[in-house]
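2 protein chains.
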Amino acid sequence: MTTPDLDNLEIPQPNGSLMLAWQVKDRHVLVVGGGDVAISRVNHLLQANAKITIIAKDIDPVLHKYNELGLIYHLEERPFKPTDLTMHEHPKSRTKLLAYQQSLAISNTAILDETFISLVERFDKTEKFAMVLTAMNDYPTSLSIYHRCKLLQLNVNLADKPAQCDFYFGSVYRHGSLQLMISTNGKSPRFANRLKTQILIPALVPLDVDNAVACLGHLRRQLKEVVCAGSDADTIKERMKWNKAVTDFYSVEEWCRMDQEKVNELLKLYPKLPTKK
Amino acid sequence: MTTPDLDNLEIPQPNGSLMLAWQVKDRHVLVVGGGDVAISRVNHLLQANAKITIIAKDIDPVLHKYNELGLIYHLEERPFKPTDLTMHEHPKSRTKLLAYQQSLAISNTAILDETFISLVERFDKTEKFAMVLTAMNDYPTSLSIYHRCKLLQLNVNLADKPAQCDFYFGSVYRHGSLQLMISTNGKSPRFANRLKTQILIPALVPLDVDNAVACLGHLRRQLKEVVCAGSDADTIKERMKWNKAVTDFYSVEEWCRMDQEKVNELLKLYPKLPTKK
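The listed protein sequences derive, respectively, from chains A and B. Its first residue numbered 1, the first sequence is counted upward by one per residue in UniProt numbering. Its first residue numbered 1, the second sequence is counted upward by one per residue in UniProt numbering.
No lab work stands behind these hints: they were computed from the structure. Note that this is a predicted model, so its numbers are computed, not measured. A virtual CB, placed ideally from N, CA and C, is assigned to each residue, including glycine. Among the clues, some could well be false.
As the list claims (entries may be wrong) - Chain A side only, calculated, beta carbon under 8 Å to chain B, not exhaustive: (1) 44; (2) 189; (3) 191; (4) 241; (5) 245.
Said to hold, decoys possible - Here are the computed distance ranges between Cβ atoms for each label pair: (6) A:238 <-> B:161: 14 to 24 Å; (7) B:251 <-> A:61: 30 to 40 Å; (8) B:25 <-> A:141: 23 to 33 Å; (9) B:69 <-> A:260: 47 to 57 Å; (10) A:249 <-> B:226: 55 to 65 Å; (11) A:274 <-> B:58: 36 to 46 Å; (12) B:160 <-> A:249: 20 to 30 Å; (13) A:122 <-> B:139: 50 to 60 Å; (14) A:241 <-> B:264: 16 to 26 Å; (15) A:203 <-> B:25: 27 to 37 Å; (16) A:268 <-> B:69: 29 to 39 Å; (17) B:202 <-> A:76: 26 to 36 Å; (18) A:76 <-> B:264: 44 to 54 Å; (19) B:12 <-> A:249: 45 to 55 Å.
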């Protein structure tokens, strides 16, 4: 890293959001609600392989169909009840965790034993809700779900109530491995959606991004497993440097038209870099 | 909503991420680490107005400079210790919450009283870390931070350790109100970055998106507060319908060239819609 000029640092501009790709694969997510907004939430969650539980008094036929197709982990057409928030937790998990919390709270040196680690991991990955999303017209119930989630330390989003949201959903474009999210930070979601449809997607559609990502994935895998295998710091650095230089040697358009045979030729050059396209 | 054809539903494609705009404004975030990756994390957090705490044995001059400029809430140049994870929490908050959790766990009807609600809100918004980010070369320490975060139910990201991440950072473009995140779901971060730089940004740069967002914000505010005020369901529906139709009447490019005077003329048309541009 070159030493930056400390008197002329470019300070990041505030008042945006922290845009993140959340990992909910195989983790429980609760959707309370069964209408249009709930469908939209479920569609987002299916893209991320979440284990979805839906609870609502009235559930749209689309969600019932998803359930018949095996896409939903658990569905109950009935009013929400507070104990739903811990429905997949083992009855004793939280009590055990609370005891651990209390014993560890005062100590900087307490050792994390195997029993503790396996309990914590099982609870986090397979029992608790990674997030709770409400999409219902009953604000008092929704608000009480929010407070209970906060008590249970669950991440929560109340549709249309930004003050009670740990996170917002944006306008997302998905094409194979590529995902794009666009946001005006709540100022005009409709305009964000039109920017996406009218400006960004047309710029991406002519490109075979999936092919590029597949070729670059092949390059990286072969490099790591065959051409320049090893896990010491120097080897990793060498590999990353060559990979970066080759990635940058071709334009985005060229990678989108690349094929695996050509990638294999490139790999034969290692440690030299290509000089012509 | 038109009834969809249940036998030909378009099922969302799996194996992506859940892309979200996380809200950390005025909320505590802990960064353990003080090098290049930590700087990158802090830059992301500053864009989202987080209250940043940095703890590391060695802290880069850039982060010290940020601290001098008042951008960092708390900075300590020393090794991490486990009690740091709860450093901004009132010593009694967790114990009180644990007691509440235990008493509410078995009950579906327990009432959330005011004392409880204010404790939960204060704890969530002003005491606990909304997320913990480690960016250090010491994996055993990093992993023990991960397990302790999971015990304390804090969201966590270990740089370069995807298995220990509740979320990933993507390649983000920011211009005023507009934010864009692009991800290849971990398959080729470098290519995602090049797609952003070479394809998406050039498509956006000629557009004055900030002006469009400002005009649309003015339109929506005036509509809500003056032209079609009211908070009953019918008024809201009417307002949203007109707002949507007017937003869609002009192209993205036209909104980027719009001015406030023209927006005021549009508002005078209400409830009619514009017929010519």
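Outcome of the hint check:
no. : hint                        : in the structure
1   : 44                          : 6 Å, holds
2   : 189                         : 10 Å, violated
3   : 191                         : 5 Å, holds
4   : 241                         : 12 Å, violated
5   : 245                         : 11 Å, violated
6   : A:238 <-> B:161: 14 to 24 Å : 22 Å, holds
7   : B:251 <-> A:61: 30 to 40 Å  : 36 Å, holds
8   : B:25 <-> A:141: 23 to 33 Å  : 26 Å, holds
9   : B:69 <-> A:260: 47 to 57 Å  : 50 Å, holds
10  : A:249 <-> B:226: 55 to 65 Å : 58 Å, holds
11  : A:274 <-> B:58: 36 to 46 Å  : 38 Å, holds
12  : B:160 <-> A:249: 20 to 30 Å : 25 Å, holds
13  : A:122 <-> B:139: 50 to 60 Å : 22 Å, violated
14  : A:241 <-> B:264: 16 to 26 Å : 57 Å, violated
15  : A:203 <-> B:25: 27 to 37 Å  : 31 Å, holds
16  : A:268 <-> B:69: 29 to 39 Å  : 51 Å, violated
17  : B:202 <-> A:76: 26 to 36 Å  : 49 Å, violated
18  : A:76 <-> B:264: 44 to 54 Å  : 51 Å, holds
19  : B:12 <-> A:249: 45 to 55 Å  : 35 Å, violated
Against the hints set out earlier in the document, violations occur for numbers 2, 4, 5, 13, 14, 16, 17 and 19.
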